[in-house]
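Novice: Starting from the given sequences, assemble the full structure and let the hints guide the process.
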Amino acid sequence: MLIKMWLKPEEILLKNALKLWVAEKGNEYFVLQRRRGYGEGGGGLTGLLVGTLDTMMDSTSKVAPFRILHQTPDSQIYWSIACGGTKEEINQHWEWLEKNIMRTLSVFDSSDDITSFVQGKIRGLIAEEGKVSGVQEDDPEKFREALLRFEKWFDLPQKEKLVTYYSCSYWRGRVPCQGWLYLSTNFLSFYSYLLGSEVKLVVSWNEIWRLEKTSNVILTESIHVLANGEDHYFSMFLHLSETFLIMEQLADYSIKRLFDKETFQEEPSLSDPLQITKRGLETNARNEQFRAFFRLPKEENLLEVYESFLWVPFSHFNTLGKICLSESYLCFASQDGSQCHVIIPMREVIGVEKPDRSSRALTVCVRGKRALRFSEVRDFERLGNAIRRRCGMTASPQHSTSTEGIRGECQNLINHFEDNPEEVAMMVGQKESSKTVSNEALMTVFHPQDAENLDPKMLKEKMKEQSWNIHFSEYGRGTSMFCTKKTRDLIVRGVPEALRGELWMLFSGAVNDMAVNPGYYSEIVDKSLGTSTLATDEIERDLHRSLPEHPAFQSDTGISALRRVLTAYAYRNPKIGYCQAMNILTSVLLLYAKEEEAFWLLVAVCERMLPDYFNRRIIGALVDQAVFEELIRMHLTQLTEHMTDLTFFSSVSLSWFLTLFISVLPIESAVNVVDCFFYDGIKAILQLGLAVLDYNMEGLISSHDDAEAVTILSKFFDNVTNKDSPLPQTVQQNSVGNNDKASSLSKVDISDLIKEAYEKYGDMKSEEVERMRKRNKLYVIQTLEDTTKQNVLRVVSQEVKFSASQLDNLYALFKRQHFLSCYWTMNSPVLLHHDPSLAYLEQYQLGFHQFRVLFSLLEPWSLCSGNDALFLWAFRLLDENQDGLVNFKEFCCALDILYSGTFTNKLKFLFKLHQPPESDLPEDGVIRKSPERGKGKVDLQAYLKQWQDEILKKEESIKDLPRINQAQFIQFSKTLYNLFHGDPEEESLYRAVARVTSLLLRMEEVGRRLQEPTSPTQAAPERALLNREAYSTLERSSDTPCTTITLEAGSIPQEVEWSFAFEQILASLLNEPVLVRFFERPVDIQARLDHAKGAQLKAKTNK
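Every letter in the sequence shown is one number past the one before it in our numbering, and letter 1068, counting from 1, is 1068.
You may find that some hints are simply not true.
[As the list claims (entries may be wrong)] Straight-line distance between alpha carbons at most 30 Å, and here's what the computed BS3-like set of lysine-lysine pairs gives: (1) K908 - K801; (2) K815 - K575; (3) K457 - K485; (4) K200 - K815; (5) K815 - K889; (6) K278 - K161.
[Stated by the list, open to error] The following label-pair restraints were derived from C-beta to C-beta distances: (7) G196 - S651: 45 to 55 Å; (8) D1084 - R545: 56 to 66 Å; (9) N385 - E282: 23 to 33 Å; (10) R545 - E282: 45 to 55 Å; (11) D1084 - S663: 54 to 64 Å; (12) L320 - K755: 27 to 37 Å; (13) R1081 - E221: 51 to 61 Å; (14) T644 - E221: 20 to 30 Å; (15) S805 - V202: 18 to 28 Å.
Please keep in mind that the hints were generated in silico from the structure rather than gathered at the bench. These numbers were taken from a predicted model, which means no experiment stands behind them. Even glycine gets a Cβ: it sits at the ideal position worked out from N, Cα and C.
Specialist: Structure, rendered in structure tokens:
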């Protein structure tokens, strides 16, 4: 069977071909032809002959009835580039060419360039089609060939894992270069060789600021990458969406692993950077989307997907959708994803029955006398077996019944379900109770509802409860409730006080966390109470600042519950510990949920719904603020035209996101916002933020400065009310704007504001919000990293003489060297102990092995070349606090001495280099001066003392330097010899050092004679012999490679010891002008920096 396909470009002689082919359509560069004898008209006698000829040929010789040729206006040569078996197939190729190629060809100046580009692109598409169909799995030889090209072209370390590769075009200015895009674990690489021009690009994922799909006049659709201040555009992918997904996953993985360790959770498929695969990345993306949509725990993975119909009892029809099966959940979502979805924990399933084999249907019976019927399931038997298997593993003993019993119960339910659909409304689920530290929500204790109270607000509250009870009777209650548009409508109108805790638990997924972790909360409460950490200190400080006007938190009952929940969470997740705003959110949770439920709600918010919000850098909140700015530009154009700088909205809206509007709205209004948040996630907060700005549009546009705009928004929030709230005035927050001016403003009901937000901005999809989050996260992280860099450079620039651009280059090299130790392992000490909450200078540091590589690339004289011991001595010398790591300031100060220091300072550095340190290097390279957050107290006194010592530190005097002994002096002299190797004045420098060492040895001998006038005369010949041996050793060292530190003076008798002071060595060397010239000669630091950039990736490290 013929299929549509791209063809390897081959030259066509069109003169003879015109008799066999008819032109269907054409343009300046391409023509689509139909073979005579096919299609409309048949082509008469010629068509009949051609058709007969094709019919007589065997299958391997048949000619496709449609083809596309490439041509140029000033050339008579045509090239075949595609063929197809049907008109629909060939038209798909034609449309792709028009959409992706035609606009591009106009930028070329010559026909040869156009033809070369088209041929290269088509060859790339052919290879791409073969690869996408399973080259890596089914044809490892082709992937091996691509891997060999990748290794040859880019010369990256052998550990670098190639994930996949794509044919595409890379734009240099307005001219595209056809080539190959290689995506590996740590790098994005591109290679092209066309018409003698080679293009090579290598970008680290952790250097990318922007990664997004774009389009413009020339590029219909392309991928834009912003890295190191440069824009890169890639286009003409055969499968652009697939390529972008893999790029997005790799960039996100790199950012999480290297920058955002506080929330990095290892996925099984991504646990080892050396084993990452394209399939693993695609699986990870699918699992993330699955968990986010259904609000499932992070342990759940999407295992199987089935297309089916689900009988919807309340609507009396079958809805088409997909069944998604994980380890512990059976989920269903209708085709549009919003009409209906249901989540069934396997622990709730009591049986599976197949009532009708002809309709390929099965019925799942759950607790609460409910059944869900799935039909037209392609592999329904496999699905049924999978559900039974998982139920057998997760079902509790009391629900393990005989197969016959289950079948009978299911059949009864099915019969009742089909024969009496009007009675389905009576199926109501049962709620479970669980033991907690405090079994009552604080609102129940401090504001119990009076059943006999018949005031209008309480009557309306009862009506809300009745609406929800009707909803439960139709849609079910509990974990297997159907969620539909009607559910959202009820949420928007406001949840009744009595049901708020239950529904928050359900919609957030916290109910499942608590169900599968019985007793967990009580256990960690017992373990955490009484501990003393930085987190517990901060919690105690903020306890009485949490809703202080509410009676519940004016008593020990509320304060104690708040303390237990926050302390327990800090114990559970020490990487987050405690962050301001968590106390405000937890206070509201405790008002409507039991204590254990409030804990699991906090877990759901911090770890699933608002990831990265509650840490030291509040990255998640900053990302959502960036998304908010993007949405303002899209929906509130009038506001953006007036206020071009939207950073104001980022600063003013930070508390909106961190506290879900609780900190700016009265509590009785804020809880309605929290209702929407638990149902729709961050989308609800973004919608409401847009509605608030839209409502105040006129005032914001007319404001003259930021202060006036803040006042406008503050007064607006003061006048937001909840007219339906049944809470008494003692519980409701008093408006801070209860003055004449504030009271003159119109009141806004929170229900109306939320309804308006959903009506105007409710079409925003959660999937699009997640994509915007990922797109902006790269930019936010890199902005924070840039702030860190600027702070570090500002501090270091005061200590060194390097220019701003040189310091910038040094920082880039230093940071990259830090990451090079992390690229290919998960166990690098530098990575494991990298903490973004540390002081700026200490965030990026180098262990010994990383230091050795970078220092060897940048030192001016090959000081330690071939001598690992000297590298170790240099590392210990720079490691002032003896923590086994060198920070950027220490590293730069050493280089500054070697490049810009005076003769004395350079010599002093070399002198100190040959004196052994007092302590040994830690083997693990662990940062020991900062305990992990939440696990121990930070010694603030130690930090203050260290800071004071640095301020009061005096410049070291040469008289403070200790003397060096004979072994150290010999090594010092050998180091000097090595510095001069290859210098134009090498011979003169060697002789100068020989004269200095000879002079120092004679001076030592004279000094010894003066100090020992009564010593035996026979000692002099021994000392003379010793001096000659030492001198000959020094002479020989100029010809001996310095590869080890074996000391030739080891044979010297220990009873004869001699040493030199720094002043003696300095004075002797100053007498040799050639030595002074050598050390004062300027060295081109920029050349060394440029060399290091190119050589850094190729440099080898042992660890």
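Novice: Can the suggested window of 27 to 37 Å be confirmed for the beta-carbon pair L320 and K755?
Specialist: 30 Å, holds
Novice: Given a hint of 18 to 28 Å, does the C-beta separation of S805 and V202 actually sit inside it?
Specialist: 22 Å, holds
Novice: Falls inside 45 to 55 Å, the C-beta gap from G196 to S651?
Specialist: Taking Cβ atoms as reference, G196 and S651 lie about 54 Å apart, which means the hint holds.
Novice: With the threshold set at 30 Å, check whether the alpha-carbon distance from K278 to K161 stays at or below it.
Specialist: 11 Å, holds
Novice: Taken at face value, is the distance from the CA of K815 to the CA of K200 at most 30 Å?
Specialist: 23 Å, holds
Novice: Against the range 23 to 33 Å, how does the distance between the Cβ atoms of N385 and E282 compare: consistent or not?
Specialist: 26 Å, holds
Novice: The hint says 20 to 30 Å between T644 and E221; measuring C-beta to C-beta, is that right?
Specialist: Taking Cβ atoms as reference, T644 and E221 lie about 28 Å apart, which means the hint holds.
Novice: Holds or violated: the 45 to 55 Å window for the beta-carbon distance between R545 and E282?
Specialist: Once the Cβ atoms are compared, 46 Å apart, the range 45 to 55 Å for E282 and R545 holds.
Novice: Take a look at whether the Cβ-Cβ distance between R1081 and E221 falls inside 51 to 61 Å.
Specialist: 56 Å, holds
Novice: Hint check: K815 vs K575, CA-CA at most 30 Å. Holds or violated?
Specialist: Holds, at roughly 23 Å.
Novice: So if I understand the rule, the pair passes when the alpha-carbon distance is 30 Å or less; does K457 with K485 pass?
Specialist: 26 Å, holds
Novice: With 56 to 66 Å as the target window, see if D1084 and R545 comply at their CB atoms.
Specialist: Cβ of D1084 to Cβ of R545: about 58 Å, so the range 56 to 66 Å holds.
The structure agrees with every numbered hint stated previously.
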